[in-house]
Amino acid sequence: MNPHEPFEPVIVAFCCHYCAYTAADMAGTRRLCYPANVSIIRVPCSGKVDAIHILKAFEKGADGVYVAGCLDGDCHFKKGNQRASRRVAYVRRLLDDIGIGSERLAMFKMSAGMGERFAEAATQFTETIRALGPSPIRTAVQQAA
Amino acid sequence: MKTESVLEKVLRSGNFAVTSECGPPRGAVPAKILEKAKMLGDVVDAVNVTDNQTAMVRMSSFAASVFLRQAGLHPILQMVTRDRNRLAMQADIIGAYSHGINTMLCLSGDHPKFGDHPMAAAVHDIDSIQFIQMVRKMRDEGKFQGGADIENPPRMFIGAAANPFADPFELRVARLAKKVAAGVDFIQTQCIFNLDKFELWMEGVRKRGLHEKCYILAGVTPIKTVGMARYMKNKVPGMDVPQHIVDRMAKTPKEQQADEGIAICVEMIQRLRQIEGVAGIHLMAIEWEHKVPEIVQKAGLYPRPKI
Amino acid sequence: MITAERKPIDEIIEYIRPFQKILLVGCNECVTVCSAGGRKEVGILSSMLQMSFLKQGKPIQILEHTLERQCDPEYTEELVSMIDGVDAVLSMACGCGVQEVARRYRNKPVFPAVNTKFMGASERQGVWAERCAGCGDCLLGITAGICPIARCSKQLMNGPCGGSTGGKCEISPDVDCAWALIWERLKALKLTDRYEEIIPAKDWRNGRGAGPRKIVREDLAE
Numbered sequence: 001m002n003p004h005e006p007f008e009p010v011i012v013a014f015c016c017h018y019c020a021y022t023a024a025d026m027a028g029t030r031r032l033c034y035p036a037n038v039s040i041i042r043v044p045c046s047g048k049v050d051a052i053h054i055l056k057a058f059e060k061g062a063d064g065v066y067v068a069g070c071l072d073g074d075c076h077f078k079k080g081n082q083r084a085s086r087r088v089a090y091v092r093r094l095l096d097d098i099g100i101g102s103e104r105l106a107m108f109k110m111s112a113g114m115g116e117r118f119a120e121a122a123t124q125f126t127e128t129i130r131a132l133g134p135s136p137i138r139t140a141v142q143q144a145a
Numbered sequence: 001m002k003t004e005s006v007l008e009k010v011l012r013s014g015n016f017a018v019t020s021e022c023g024p025p026r027g028a029v030p031a032k033i034l035e036k037a038k039m040l041g042d043v044v045d046a047v048n049v050t051d052n053q054t055a056m057v058r059m060s061s062f063a064a065s066v067f068l069r070q071a072g073l074h075p076i077l078q079m080v081t082r083d084r085n086r087l088a089m090q091a092d093i094i095g096a097y098s099h100g101i102n103t104m105l106c107l108s109g110d111h112p113k114f115g116d117h118p119m120a121a122a123v124h125d126i127d128s129i130q131f132i133q134m135v136r137k138m139r140d141e142g143k144f145q146g147g148a149d150i151e152n153p154p155r156m157f158i159g160a161a162a163n164p165f166a167d168p169f170e171l172r173v174a175r176l177a178k179k180v181a182a183g184v185d186f187i188q189t190q191c192i193f194n195l196d197k198f199e200l201w202m203e204g205v206r207k208r209g210l211h212e213k214c215y216i217l218a219g220v221t222p223i224k225t226v227g228m229a230r231y232m233k234n235k236v237p238g239m240d241v242p243q244h245i246v247d248r249m250a251k252t253p254k255e256q257q258a259d260e261g262i263a264i265c266v267e268m269i270q271r272l273r274q275i276e277g278v279a280g281i282h283l284m285a286i287e288w289e290h291k292v293p294e295i296v297q298k299a300g301l302y303p304r305p306k307i
Numbered sequence: 001m002i003t004a005e006r007k008p009i010d011e012i013i014e015y016i017r018p019f020q021k022i023l024l025v026g027c028n029e030c031v032t033v034c035s036a037g038g039r040k041e042v043g044i045l046s047s048m049l050q051m052s053f054l055k056q057g058k059p060i061q062i063l064e065h066t067l068e069r070q071c072d073p074e075y076t077e078e079l080v081s082m083i084d085g086v087d088a089v090l091s092m093a094c095g096c097g098v099q100e101v102a103r104r105y106r107n108k109p110v111f112p113a114v115n116t117k118f119m120g121a122s123e124r125q126g127v128w129a130e131r132c133a134g135c136g137d138c139l140l141g142i143t144a145g146i147c148p149i150a151r152c153s154k155q156l157m158n159g160p161c162g163g164s165t166g167g168k169c170e171i172s173p174d175v176d177c178a179w180a181l182i183w184e185r186l187k188a189l190k191l192t193d194r195y196e197e198i199i200p201a202k203d204w205r206n207g208r209g210a211g212p213r214k215i216v217r218e219d220l221a222e
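Chains as they are written, first to last, in our numbering: chain A, 1 to 145; chain B, 1 to 307; chain C, 1 to 222.
Okay, chain A solo, but in the shape it has when bound (with noise of 0.2 Å):
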């Protein structure tokens, strides 16, 4: 990393389609700023989002993730994001047992007309990340490089 350029993070978030995503639609329709740092990756489901998915974003250098699903109650295929919220939990202190830190990952649930949830959702991860500083991996890999 270029210590004259300040630190940008790179945030993965992995968003179901039927309510995240579509509140991310919405943040864009209404002209809602989010920070650019922001990758969104649409999944069907927020349960469609297993273990593996999450650390291989942390492995190829992500600063944060974070998992957007519906509202309790609300998803569509019924328990998909209470089974998230618990997979998001256990891989939290799987990122705490190798040293990367919990804080790096985080769950939020919205529905599908909350644009203003998902831009302040998506302002505040980053900042906190921001404030985090680079993840110890993407140091790794940049210094390997």
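Hint data in this document are derived by calculation from the structure and do not stem from the laboratory.
25 Å max Cα-Cα, derived DSS-like pairs, lysine-lysine:
id, chain 1, residue 1, chain 2, residue 2
1, B, Lys113, C, Lys7
2, B, Lys291, B, Lys32
3, C, Lys117, C, Lys7
4, B, Lys197, B, Lys207
5, B, Lys235, C, Lys168
6, C, Lys40, A, Lys78
7, C, Lys7, A, Lys56
8, B, Lys197, C, Lys187
9, A, Lys56, C, Lys40
10, B, Lys207, C, Lys190
11, C, Lys117, B, Lys113
12, B, Lys197, C, Lys168
13, C, Lys168, B, Lys113
14, A, Lys60, C, Lys58
15, C, Lys187, B, Lys207
16, A, Lys48, C, Lys40
17, C, Lys58, A, Lys56
18, A, Lys60, C, Lys40
19, C, Lys21, A, Lys56
20, C, Lys7, C, Lys21
21, B, Lys197, B, Lys213
22, C, Lys21, C, Lys108
Dock chains B and C against chain A, hints included.
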């Protein structure tokens, strides 16, 4: 008479028996066990010596029993299946008998998790009922559990525990029946506070004639403080303390609670003596052994019969 | 199935720290069912280890492979093409599998990545409970389908003990009293008379008592 046991003599002669209990010290301090023996003196017919009670290591009940025997008392050797396999048990039984110990209690034992060695492996080679069968085979057939002959077989008076207050209640009479079928001579119950429940259990026991096949000693414990009453009510599995007992202790001023506890205990003994099928009492005065003579005397059970 | 749980990551890291390239091998049977050491878990552990070592400035190469079973020589033979290229093997199989791999590839250090726990069944998704102690002389036919050796904390064959409270074991309100369960089953099957039949002392020679056990089928063994 099956044995030389003083307890057996007292019971068979129709006297109301009195047994008590003492725990060996947590170290090589025989003086402590002898001190407790002195307190119990001649007010009891026999004394239980506990075996690593609540899974806390103490001087072995075998060693402590030998000290008591040498001091002229009549120990009831408690043995749990948790800490020994059948070889060690039979070895200890013939060893103890060789020291003049002729009365024992066959128990499973509290789980190691309650004690100071929760990391230890529990043995449980046999359970308490198989244990009773084994001791009876040693005594009546003169054979070890494995089948070989015993030279000078131990003539043990065999006891076990019964808990009318554990769950499921509907099984508690059947459980006693099993122990009787296995060959038990006497049983001591968990300490009684809920007299109604105990009487219900005794009804079931009498219906099956079990009180005529083994001697039932009712367990009693004097309560020292209202705190102790609450602790036993809420924190000890298998113990049933009715609210009215707790209330009675709570109403009593602190300095008088000990005396009130003794009074409750004496009343309990007097009521238990009236119940058909109760052949005696087992007085467990935990860390309060010096009160045993007073309780026995107040209950009108002193002096003990000289047999 | 045989259940297991992944070892703490620090312990695993210490095992493989001296090596540059390892073979991480999972098993498609029991440890897959209890989500401890199947293909998925191999991927997760591999990712975790690679990130951990990368972070320490000492990247490690991990070759991932999952066998159908690790407790059969026919399957462990599959590793022969991969074994020369690695310095050590980290196995996510139960103790049986780890030992079979170690036996076959005795010139490579083999480490366990999971702690093998017990023989059990699934209570519901994500929850497995101990059911069988492998005593070698099954008495489930007499105890109405509930094992007092595996499920009673004191392996009483003539229980319950005096600590049974509200259908639960004295050691914890989360553990069922096996004898309370047996009694309920006997009632449901109208076999309550059986309760008073004394089950005699067990011959532990059928179990671990006679040393490590072996089964030989003469019709199958050459």
